[in-house]
Amino acid sequence: MNTMTDRNPTPSFPNVGVPLEKLKPKRVRRRIELTLWEKLYVFEVLRGLYVTSRHFAANMIGFVVPPKGKKRSVFTVYYPEERVTLPPAYRGRPVLVARQDGSEKCVACGLCEKMCPAHAISIVPAERADGDRYPSSYILDMSRCVYCGYCEEVCPKEAIVMSAEYEGLAETDRGNMLYPKEKLLRSEESVKGRIQYIKRIYSKCNY
Amino acid sequence: MLADFIESIAKIVFIFSINLGFFAPILGWVERKQSAVMQDRIGANRADIGGFTIMGLFHPIADAVKVLTKEDFIPAGANKFFHTIAPFICLVPAIATFAVVPFGGRYEIFGHQVNLVIADLDVGILYVFALASLATYGVVLAGWSSRSNWSLLGGLRASAQMLSYEVAMGLTIIGIIMVYGSLKLTEIGAAQANFFRWGIFLQPVGFILFLTCAIAENKRVPFDIPEAESELVAGYFTEYSGLKFVMFWMAEFLEIVTISGIVTTLFFGAWHLPFVTDAMLLSFFQFAGPNGAAILAMLVNVATFFAKVSFFIWLQMSIRWTLPRFRYDQIMRLCWKMILPISLINIFVTGLVVLL
Numbered sequence: 001m002n003t004m005t006d007r008n009p010t011p012s013f014p015n016v017g018v019p020l021e022k023l024k025p026k027r028v029r030r031r032i033e034l035t036l037w038e039k040l041y042v043f044e045v046l047r048g049l050y051v052t053s054r055h056f057a058a059n060m061i062g063f064v065v066p067p068k069g070k071k072r073s074v075f076t077v078y079y080p081e082e083r084v085t086l087p088p089a090y091r092g093r094p095v096l097v098a099r100q101d102g103s104e105k106c107v108a109c110g111l112c113e114k115m116c117p118a119h120a121i122s123i124v125p126a127e128r129a130d131g132d133r134y135p136s137s138y139i140l141d142m143s144r145c146v147y148c149g150y151c152e153e154v155c156p157k158e159a160i161v162m163s164a165e166y167e168g169l170a171e172t173d174r175g176n177m178l179y180p181k182e183k184l185l186r187s188e189e190s191v192k193g194r195i196q197y198i199k200r201i202y203s204k205c206n207y
Numbered sequence: 208m209l210a211d212f213i214e215s216i217a218k219i220v221f222i223f224s225i226n227l228g229f230f231a232p233i234l235g236w237v238e239r240k241q242s243a244v245m246q247d248r249i250g251a252n253r254a255d256i257g258g259f260t261i262m263g264l265f266h267p268i269a270d271a272v273k274v275l276t277k278e279d280f281i282p283a284g285a286n287k288f289f290h291t292i293a294p295f296i297c298l299v300p301a302i303a304t305f306a307v308v309p310f311g312g313r314y315e316i317f318g319h320q321v322n323l324v325i326a327d328l329d330v331g332i333l334y335v336f337a338l339a340s341l342a343t344y345g346v347v348l349a350g351w352s353s354r355s356n357w358s359l360l361g362g363l364r365a366s367a368q369m370l371s372y373e374v375a376m377g378l379t380i381i382g383i384i385m386v387y388g389s390l391k392l393t394e395i396g397a398a399q400a401n402f403f404r405w406g407i408f409l410q411p412v413g414f415i416l417f418l419t420c421a422i423a424e425n426k427r428v429p430f431d432i433p434e435a436e437s438e439l440v441a442g443y444f445t446e447y448s449g450l451k452f453v454m455f456w457m458a459e460f461l462e463i464v465t466i467s468g469i470v471t472t473l474f475f476g477a478w479h480l481p482f483v484t485d486a487m488l489l490s491f492f493q494f495a496g497p498n499g500a501a502i503l504a505m506l507v508n509v510a511t512f513f514a515k516v517s518f519f520i521w522l523q524m525s526i527r528w529t530l531p532r533f534r535y536d537q538i539m540r541l542c543w544k545m546i547l548p549i550s551l552i553n554i555f556v557t558g559l560v561v562l563l
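For the protein sequence lines, the chains are A and B, in the order given. Position one of the first sequence corresponds to residue 1 (our numbering), numbered consecutively onward. Position one of the second sequence corresponds to residue 208 (our numbering), numbered consecutively onward.
FYI, nobody ran anything at the bench for these hints, they're computed from the structure. Incorrect hints may appear among the rest.
Pairwise CB distance ranges (calculated) [stated by the list, open to error]: (1) A:GLU171 <-> B:VAL220: 54 to 60 Å; (2) A:PRO80 <-> B:VAL274: 25 to 31 Å; (3) B:LEU562 <-> A:LEU40: 26 to 32 Å; (4) B:ALA495 <-> A:ARG54: 41 to 47 Å; (5) A:ASN176 <-> B:ALA367: 56 to 62 Å; (6) A:GLU33 <-> B:ILE552: 21 to 27 Å; (7) A:LEU40 <-> B:ALA367: 23 to 29 Å; (8) A:TYR147 <-> B:LEU450: 44 to 50 Å; (9) B:ILE292 <-> A:ALA118: 54 to 60 Å; (10) A:GLU171 <-> B:GLN537: 50 to 56 Å.
Covered stretches of chain B (in silico footprint by chain A; criterion: 3 or more residues with CB under 8 Å from a CB of chain A, positions within the stretch not fixed) [said to hold, decoys possible]: (11) 238-248; (12) 524-537.
To give an idea of the chain A side of the interface with chain B (calculated C-beta under 10 Å), a few residues [claimed, not checked]: (13) LYS39; (14) LEU40; (15) VAL42; (16) GLY48; (17) VAL51; (18) PHE56; (19) ASN59.
Ideal placement from N, C-alpha and C gives every residue a C-beta, glycine not left out.
Working from the sequences, and respecting the hints, build out all of it.
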């Protein structure tokens, strides 16, 4: 039986796929000693200058004639004026999903409260006259939240999701960082992409 | 006599304004913007007046305002006198060196000989070297008088590096002096009227060695161990603030201009266009009368000269943003074991060729 302490464990893989020898990374030949050509410096300096000047020339032309297929050769985004389009996998601040009538989808089961590694969520459950459960208070402490997304993963109703919001999260007062239910509610339409995304990735697992 | 006086004043004002008013502020912008373009970035473009940014050209103004309102700080325990005087010792040689660099030929306007150089010294090159070595004092004093470990180390490194490279720089230029047989920069410039007599064709090795030494003398990357920011904060001017801090920067930028001017004068035909002599320019502008032709030819000379200077400024900036920093021992080995012997061989070969 192979244990962890075996020096030379015999490979018990079946002979399928890429042979093991080919999986080995190519050895990089690293030359420490400089050749005479490199020791002359001048030509190596010129080679370096060629690289940087090529970028310089390309960008100078790119300012005038933008290269095809790209808006410009420089990919800097002017932040307050321009925004990057975030992928659905981006985890911004968690929000509660609201129904059409504005009430929250959450049924106050308390799973997110239990799951939260930072103990950021505190729920007070309540019951309506028709027997539906709802949180009478749902407080998310944003000074504790670590944006792990476990609450969203564990939620049976897709009622709490990670939105793409990443601005206005800083406060000068800790009291302001306790987000009440009203501050957390977002319409279902605004987080549609994320809901589809979590349905897709979490359905692969056996929940 | 009065005409001479007016001529001198006009030339001094011209050089001062183009150096301090144009090159010194604009090079700060060029350095940022060129490095940005070379590295696929955008660079400074936020300072605006009424919504106009013109590619960040307002940043030098913003910098000037910022610098003028900063506190002028002298650290406790520093030698106040030397701490104050060191930036001046750095800046003055950088400006004064341009006095001997000719930026045009000799013309006659209204019966008055105009020579486009501020001081036509017989020993122009020696004057350049003398002032370049004076700048060392500023750096060493700044490092020593700040009473800071970083500054002291920076000053020590600077003194060792600059003294070593001064020796090598003096030897690299001997070849040019032998070829043209003169120490006078105007004569060296005038001797390069023929395109195939430019210094770069007669002394290609000398050019590379001189440019290397000049960059090292100016303490710029890849020879910037005196101010190595990853090791010594800012080196010899760590303890400076406000206007004095900027004076070190201005000295560095003006030295770039000066080096470019000297390289242009010695190796790249000074104020001459390729295949075009001053006499040809004069005959080309004959339609403007003798005086008008002289003025137009002068303008072409000055424009040519400063275009070449701008190219070498670009080259030095490119080198600065291309190469990593040398280690201290590498700098010393490059100087004493490579540049010095090669320049000696260069002198020997030049001497043989000149003799034969």
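To see whether the hints hold, each was checked on the structure:
no.	hint	verdict
1	A:GLU171 <-> B:VAL220: 54 to 60 Å	holds (58 Å)
2	A:PRO80 <-> B:VAL274: 25 to 31 Å	holds (27 Å)
3	B:LEU562 <-> A:LEU40: 26 to 32 Å	holds (28 Å)
4	B:ALA495 <-> A:ARG54: 41 to 47 Å	holds (43 Å)
5	A:ASN176 <-> B:ALA367: 56 to 62 Å	holds (58 Å)
6	A:GLU33 <-> B:ILE552: 21 to 27 Å	holds (25 Å)
7	A:LEU40 <-> B:ALA367: 23 to 29 Å	holds (24 Å)
8	A:TYR147 <-> B:LEU450: 44 to 50 Å	holds (46 Å)
9	B:ILE292 <-> A:ALA118: 54 to 60 Å	holds (59 Å)
10	A:GLU171 <-> B:GLN537: 50 to 56 Å	holds (52 Å)
11	238-248	holds (count 6)
12	524-537	holds (count 5)
13	LYS39	holds (9 Å)
14	LEU40	holds (9 Å)
15	VAL42	holds (6 Å)
16	GLY48	holds (5 Å)
17	VAL51	holds (8 Å)
18	PHE56	holds (5 Å)
19	ASN59	holds (5 Å)
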